[in-house]
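Please model the complete structure; the sequences and the hints are all you need to start from.
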Amino acid sequence: MGKQLLLGNEAIGLGLIRSGCRMVTAYPGTPSSEILSSVIRLKTHAPEVVYTEWSANEKVAFETALAASWSGLRAATAMKQVGLNVAADPFFSAAYTGVVGGFVVISCDDPGPHSSQTEQDSRLLAHAAKVPVLDPSTPVEALQMTGLAFELSERFQVPVLLRPTTRLCHARQSFESDSGLFPATAGPPPKGFRKDPQRWAATPAFRLKLHVELIQKLKAIEQEFEASILNRIQGSFGENGTAQLGVIASGVAFHTALQALRDFGADLPVLKIGTPYPLPRRLVADFIRRCERVIVFEEPDATIELQIPDRTRVRGRLDGTVPQAGELTPERAAAILAEALGEAGFPVPATADELLTALVEELAIPPRRPRLCPGCSHRSAYFAIKRTFGPRAIYPGDIGCYTLGTNLRALDTCLDMGGAVTMAAGFYHAGRLLGDERPIVATIGDSTFLHAGLVPLANAVHTGARFILVILDNHTTAMTGTQPTLASEVGADGAAAEPASIPELVKACGVRFVRMADPYDQDPFQELLKEAQSFTLAAEGGPAVIIADRPCVIFDPTPIVAHPIPVTVTEECDGCRYCVEAFECPAIVLRPDGSRVDIDLKTCVECGQCIDACYKGFIVPQLELQHA
Amino acid sequence: MPDPQGRIVLAGVGGQGVIFASRLLAEAALARGAQVMVSETHGMSQRGGSVAAHLVIGDEPGLLIRRGTADVLIALDRLEGLRHLPVLRRGGAVFINAVEELPEGVGTRLHELGIRTCQLDADGEALRLGSAAIANVVLLGFVAAHTSLGLSPGDLRLAAQGLGPPASVRANLSALDEGARIADGPDHGHCEWRKPSAVLLEQASR
Numbered sequence: 001m002g003k004q005l006l007l008g009n010e011a012i013g014l015g016l017i018r019s020g021c022r023m024v025t026a027y028p029g030t031p032s033s034e035i036l037s038s039v040i041r042l043k044t045h046a047p048e049v050v051y052t053e054w055s056a057n058e059k060v061a062f063e064t065a066l067a068a069s070w071s072g073l074r075a076a077t078a079m080k081q082v083g084l085n086v087a088a089d090p091f092f093s094a095a096y097t098g099v100v101g102g103f104v105v106i107s108c109d110d111p112g113p114h115s116s117q118t119e120q121d122s123r124l125l126a127h128a129a130k131v132p133v134l135d136p137s138t139p140v141e142a143l144q145m146t147g148l149a150f151e152l153s154e155r156f157q158v159p160v161l162l163r164p165t166t167r168l169c170h171a172r173q174s175f176e177s178d179s180g181l182f183p184a185t186a187g188p189p190p191k192g193f194r195k196d197p198q199r200w201a202a203t204p205a206f207r208l209k210l211h212v213e214l215i216q217k218l219k220a221i222e223q224e225f226e227a228s229i230l231n232r233i234q235g236s237f238g239e240n241g242t243a244q245l246g247v248i249a250s251g252v253a254f255h256t257a258l259q260a261l262r263d264f265g266a267d268l269p270v271l272k273i274g275t276p277y278p279l280p281r282r283l284v285a286d287f288i289r290r291c292e293r294v295i296v297f298e299e300p301d302a303t304i305e306l307q308i309p310d311r312t313r314v315r316g317r318l319d320g321t322v323p324q325a326g327e328l329t330p331e332r333a334a335a336i337l338a339e340a341l342g343e344a345g346f347p348v349p350a351t352a353d354e355l356l357t358a359l360v361e362e363l364a365i366p367p368r369r370p371r372l373c374p375g376c377s378h379r380s381a382y383f384a385i386k387r388t389f390g391p392r393a394i395y396p397g398d399i400g401c402y403t404l405g406t407n408l409r410a411l412d413t414c415l416d417m418g419g420a421v422t423m424a425a426g427f428y429h430a431g432r433l434l435g436d437e438r439p440i441v442a443t444i445g446d447s448t449f450l451h452a453g454l455v456p457l458a459n460a461v462h463t464g465a466r467f468i469l470v471i472l473d474n475h476t477t478a479m480t481g482t483q484p485t486l487a488s489e490v491g492a493d494g495a496a497a498e499p500a501s502i503p504e505l506v507k508a509c510g511v512r513f514v515r516m517a518d519p520y521d522q523d524p525f526q527e528l529l530k531e532a533q534s535f536t537l538a539a540e541g542g543p544a545v546i547i548a549d550r551p552c553v554i555f556d557p558t559p560i561v562a563h564p565i566p567v568t569v570t571e572e573c574d575g576c577r578y579c580v581e582a583f584e585c586p587a588i589v590l591r592p593d594g595s596r597v598d599i600d601l602k603t604c605v606e607c608g609q610c611i612d613a614c615y616k617g618f619i620v621p622q623l624e625l626q627h628a
Numbered sequence: 001m002p003d004p005q006g007r008i009v010l011a012g013v014g015g016q017g018v019i020f021a022s023r024l025l026a027e028a029a030l031a032r033g034a035q036v037m038v039s040e041t042h043g044m045s046q047r048g049g050s051v052a053a054h055l056v057i058g059d060e061p062g063l064l065i066r067r068g069t070a071d072v073l074i075a076l077d078r079l080e081g082l083r084h085l086p087v088l089r090r091g092g093a094v095f096i097n098a099v100e101e102l103p104e105g106v107g108t109r110l111h112e113l114g115i116r117t118c119q120l121d122a123d124g125e126a127l128r129l130g131s132a133a134i135a136n137v138v139l140l141g142f143v144a145a146h147t148s149l150g151l152s153p154g155d156l157r158l159a160a161q162g163l164g165p166p167a168s169v170r171a172n173l174s175a176l177d178e179g180a181r182i183a184d185g186p187d188h189g190h191c192e193w194r195k196p197s198a199v200l201l202e203q204a205s206r
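So the protein lines, in turn, are chains A and B.
When we follow the working numbering, the leftmost residue of the first sequence carries the number 1, and every step to the right adds one.
When we follow the working numbering, the leftmost residue of the second sequence carries the number 1, and every step to the right adds one.
There could be a bad hint or two in this list.
Quick list of simulated restraints, FRET-style, between CB atoms [claimed, not checked]: (1) A:Pro323 to B:Met1: 40 to 50 Å; (2) A:Ile565 to B:Pro165: 22 to 32 Å; (3) B:Ser168 to A:Gln622: 28 to 38 Å; (4) A:Asn240 to B:Met1: 43 to 53 Å; (5) A:Gly481 to B:Pro103: 35 to 45 Å; (6) A:Asp89 to B:Gly33: 15 to 25 Å; (7) B:Pro165 to A:Ala344: 51 to 61 Å; (8) B:Pro103 to A:His563: 38 to 48 Å; (9) B:Gly164 to A:Gln324: 50 to 60 Å.
Far from chain B, by Cβ distances over 12 Å, these chain A residues were calculated [what the hints assert, rightly or not]: (10) Phe206; (11) Gln234; (12) Val252; (13) Asp263; (14) Glu331; (15) Ala495; (16) Glu540; (17) Pro564; (18) Pro566; (19) Lys602.
What the hints contain is simulated information worked out from the structure, not anything from laboratory work.
We treat Cβ as the ideally placed atom computed from N, Cα and C, and that holds for glycine.
Dropping the structure here:
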C-alpha cells in the first residue's frame with residue numbers, strides 16, 4: 001500500500017483489524033463515528049470474520065462487545081465521551097469482573113467542545129472506574145496504541161480505555177503502511193464462554209474480592225507503565241541534569257507544546273505521558289524533582305495533574321496556569337509557555353501579529369451559525385410546530401441535527417439523549433403543581449428515540465403525562481454521517497437487517513394517539529398537530545405521538561429529485577425578513593441592502609418548502625410565474 | 001523544485017470543497033515523499049458553516065497551525081479569508097477566491113507585514129469551465145503556479161489523478177490547468193506580485 005494518509009479514526013479502525021479484533025460495536029457520535037465505518041471498510045481484508053454493529057446505544061454496544069470478550073475473542077466498542085456516560089454502568093462493573101479476550105473501550109473526548117454537551121474527560125471517568133487508559137497524540141500513535149491496548153487488556157484481564165480527542169480523530173497523517181512497525185497480531189485462541197459464576201455473576205461478597213483483585217492489577221500496571229515506551233522524555237536537561245522549566249504533556253497537547261517550543265527555539269525537557277491512568281508516579285516524581293517548575297499540558301481536564309502526589313512545583317489546570325475550560329489551542333499553549341520561559345529568564349519573541357488580529361476583529365465578520373440544510377424535513381416540521389403553537393408553548397428538544405430547531409425557536413431544551421421525552425413528562429407534572437397549562441411539544445429524532453426515548457415514553461404513559469411528542473423520522477442517523485438506525489432495513493455492513501417499527505414500538509409503550517405524516521405537507525401537518533393537542537387535553541386522552549416521516553435530504557434525496565419544485569421570489573418582495581428568520585433556509589438570501597430576498601441557486605435543492613414560508617405569497621413556484 | 005514544506009491553512013464554507021482541496025495538496029506532498037499532517041475543523045452544519053483545514057508539510061510537530069505562523073492561506077470564500085488572515089506569518093501569502101477587493105485598511109496592513117495577496121475569481125473561472133464545484137481546484141492550480149511550497153501544478157495533477165471517479169478527475173485536471181494558465185497569463189491573475197518573484201517566496205524563519 002506504501003505511503004498513505006491516515007485519518008485518526010481510520011488509524012484506530014486499522015489498529016483494531018490488525019489486532020485481530022473480532023467484534024466492534026458502536027453508537028455514532030462526533031468525533032468517534034468514523035472508527036466503526038473504517039472497520040467495516042477494512043474488515044473484508046481481515047483473515048477472519050469480524051462482527052460489526054451500530055448498536056441502539058452505547059450501553060448496548062458496550063455489553064454486546066463485552067460478551068464477545070468473555071467468550072475469549074478480542075473485542076472493542078467505540079463512542080464519544082458522553083456516550084461513555086450512557087455505558088458507565090457496565091464500564092464500572094466490567095472493571096471488577098475483568099475480561100478474557102482483549103477488550104478495548106474507545107471513548108473520544110471533545111475539548112472545545114466542538115460538538116458535544118460537555119468537555120468532560122473520559123480519563124477521569126476511567127480513573128473513577130479503575131480502568132487503565134492509553135492516550136495517543138497522533139493518528140499513527142493511535143494505531144500503535146490500539147494494538148498495545150489489546151495486549152495490556154489480555155495480560156491483566158481488564159478493560160482498557162483508548163482515549164483520543166477531536167483533533168486526533170479528525171487529523172490525517174502520512175503513514176508508511178508496509179513499514180513493518182505495526183505487525184498484525186492476535187490474542188490467544190478463543191475458547192468460548194466458560195462459566196465462572198463467582199466472577200461473571202458475582203454477588204457483593206465476591207465483588208469485594210474482585211475489587212481487591214482489581215486494585216492489585218492496577219498496582220502491577222502502574223509498575224509496568226513506569227518503564228513503558230509510551231512514557232518518555234524528549235528534549236534535554238541542563239548540564240547538571242536539571243532544568244528551570246519542564247513540561248509534562250499527553251495526547252494532542254503534547255504536540256501542541258512541542259510545536260510552540262520548536263518555534264521558540266527552546267530546548268526543554270518534555271515528559272510525554274501515554275499512560276495517564278494509572279500514572280507512573282515514580283517516573284513523574286523523578287522528572288519533577290529535576291525541574292524547578294513543571295507545566296502540565298493535557299486535555300480536557302486535570303487527570304495527570306490530580307495524580308501527582310506533590311504538586312508544589314507543578315503548574316497546570318488546577319492553579320489556572322492552563323485555562324480550565326476550552327480547547328488547549330496552539331495560541332493558548334504558546335502564550336503559557338512564552339510567559340513561563342520569560343519568567344525562567346528565556347524571553348521569546350511573539351510571532352502572532354496582534355495588529356492584524358485587531359484589524360480583523362474590527363471588521364466584525366459575523367460568525368456563520370450552523371443551520372439546517374436546504375430541504376431538511378426538520379425545518380418543515382419545526383415551522384409547522386411554531387406556526388401551530390406559537391412562542392408560548394414549551395418545546396423540549398433532543399440531540400441531533402434538529403437541535404438547530406432552536407434557531408427556529410421551536411426547541412427550548414437540549415439536555416442529553418432521550419431527554420426530550422422525560423423532560424416533557426417532567427414539565428407536565430411540574431406544570432400541574434404550578435397551575436401552568438402551557439402546551440408541551442417535544443421533538444426527538446428517530447435514532448435518538450431508539451437510543452433513549454422508548455423507556456421514557458412508557459414511563460410518561462404510565463404516569464399519565466400529557467404532551468405531544470413529534471418523532472422527526474428522517475430514516476437515518478443524519479448528524480453523524482447517515483449511519484443506519486434500528487429502524488433501517490440494513491445493518492452496519494449493509495447486510496439485510498430486521499427493521500424495528502417506530503409506530504409499533506410507540507403503540508407498545510401504551511400511546512393511543514399515534515399518527516404518521518409528511519412534514520412537507522404543511523397544512524395537513526399543522527391540522528394533525530392541533531388534533532394531537534385535542535387528544536392531550538381530552539378527558540380520556542394521554543400523550544400524543546406524531547411521526548414526521550420524510551428522509552434526510554443528504555441520506556436520500558430521491559423524493560425531491562423526483563418532484564423538484566423550483567421557486568422564485570416575485571418583484572413584490574419587500575424584505576420583511578419573515579422567511580429569513582422563521583424558516584432560515586441557507587438558500588434564501590437577504591440582499592445586503594435588506595431590500596428583498598433572493599434564492600441562491602447554488603444551494604437551493606428545489607424542495608419548494610419555502611413557498612409556505614412567505615405568508616404574503618411572494619415566494620412562488622417558477623412555473624406559476626411563467627404562466628402568470 | 002525544493003522539497004515540499006510549509007504550513008498552509010485552507011478556509012471556506014461548507015460545500016466549497018475545503019476538505020477535498022486539503023486532501024489534494026496532502027496527497028501531492030505525500031507523493032513527493034514529505035511527511036504530512038492535515039487537521040480538519042468544521043462546525044456543526046453540513047453546509048453553509050465555516051470550514052477550515054490546517055496542513056503541515058514537513059517533519060515538524062503539531063496538529064493545528066498557530067496564529068501568526070502560517071506560510072500560506074488559501075481562502076475559497078472572501079469573508080472566511082478575512083476571518084483567517086491572522087494565521088499568517090510576516091512574509092506569508094494569501095490566495096483568495098473573490099471578486100470584491102479586500103478592505104483598504106487590510107490591504108495596507110498586509111503590505112506592511114510583507115504578506116503578499118493574490119486574488120482570483122475562481123468561482124467565475126469554474127463556471128466558465130462548466131462546474132461551480134471545481135472553484136477550489138482552479139484556485140489550487142493558481143496557487144501551485146505561484147508559490148514555492150515545493151508543489152508544482154504537475155504534482156497536483158498527479159495527485160488529482162488518484163482522487164475520485166473518472167469524470168471528477170477530468171474536471172479537476174482541467175481546473176488545475178486553468179488555474180495554472182491564469183497564473184502564467186499576461187496579468188498573472190489579479191496579483192500583487194509577479195510570478196518570477198513569487199518563486200522566490202522564501203521559507204522565512206519562523
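Do the hints match the structure? See the list:
At roughly 42 Å, the beta-carbon separation of Pro323 of chain A and Met1 of chain B lies within the given 40 to 50 Å, and the hint holds. Taken as a hint, the range 22 to 32 Å holds for the pair Ile565 of chain A and Pro165 of chain B, whose Cβ atoms sit roughly 29 Å apart. For Ser168 of chain B paired with Gln622 of chain A, a C-beta distance near 29 Å keeps the hint of 28 to 38 Å intact. Restraint check, Asn240 of chain A to Met1 of chain B: a C-beta distance of roughly 46 Å satisfies the suggested window 43 to 53 Å.
Taking the beta carbon of each, Gly481 of chain A and Pro103 of chain B are about 38 Å apart, inside 35 to 45 Å as hinted. A hinted range of 15 to 25 Å for the beta carbons of Asp89 of chain A and Gly33 of chain B is inconsistent with their spacing of about 50 Å. Restraint check, Pro165 of chain B to Ala344 of chain A: a C-beta distance of roughly 56 Å satisfies the suggested window 51 to 61 Å. A hinted range of 38 to 48 Å holds for the C-beta pair Pro103 of chain B and His563 of chain A, which are about 44 Å apart.
Hint check: Gly164 of chain B to Gln324 of chain A, Cβ distance near 44 Å, so the stated range 50 to 60 Å is violated. Listed as outside the interface, Phe206 of chain A is consistent with that label: its C-beta sits roughly 45 Å from the nearest C-beta of chain B, beyond the 12 Å cut-off. Its beta-carbon lying about 10 Å from the closest one in chain B, Gln234 of chain A breaks the requirement of being farther than 12 Å from that chain. Taking the minimum C-beta to C-beta distance to chain B, about 6 Å, the non-interface status of Val252 of chain A is violated against the 12 Å cut.
Listed as a non-interface residue, Asp263 of chain A fails to keep its Cβ farther than 12 Å from every Cβ of chain B; the least gap is roughly 6 Å. Against the 12 Å criterion, Glu331 of chain A falls within the reach of chain B, whose nearest CB is about 5 Å from its own CB. With a cut of 12 Å on Cβ distances, Ala495 of chain A stays outside the contact zone with chain B, its closest approach being about 25 Å. At roughly 42 Å, the least C-beta separation between Glu540 of chain A and chain B is larger than 12 Å, which holds for a residue marked as non-interface.
Listed as a non-interface residue, Pro564 of chain A keeps its Cβ farther than 12 Å from every Cβ of chain B; the least gap is roughly 18 Å. Remark: the non-interface label on Pro566 of chain A is consistent with the geometry, its nearest Cβ contact in chain B lying 17 Å away (cut-off 12 Å). With a least CB separation of 6 Å from chain B, Lys602 of chain A falls inside the 12 Å interface cut-off, contrary to its annotation.
Checked against the numbered hints above, the structure violates hints 6, 9, 11, 12, 13, 14, 19; every other hint is satisfied.
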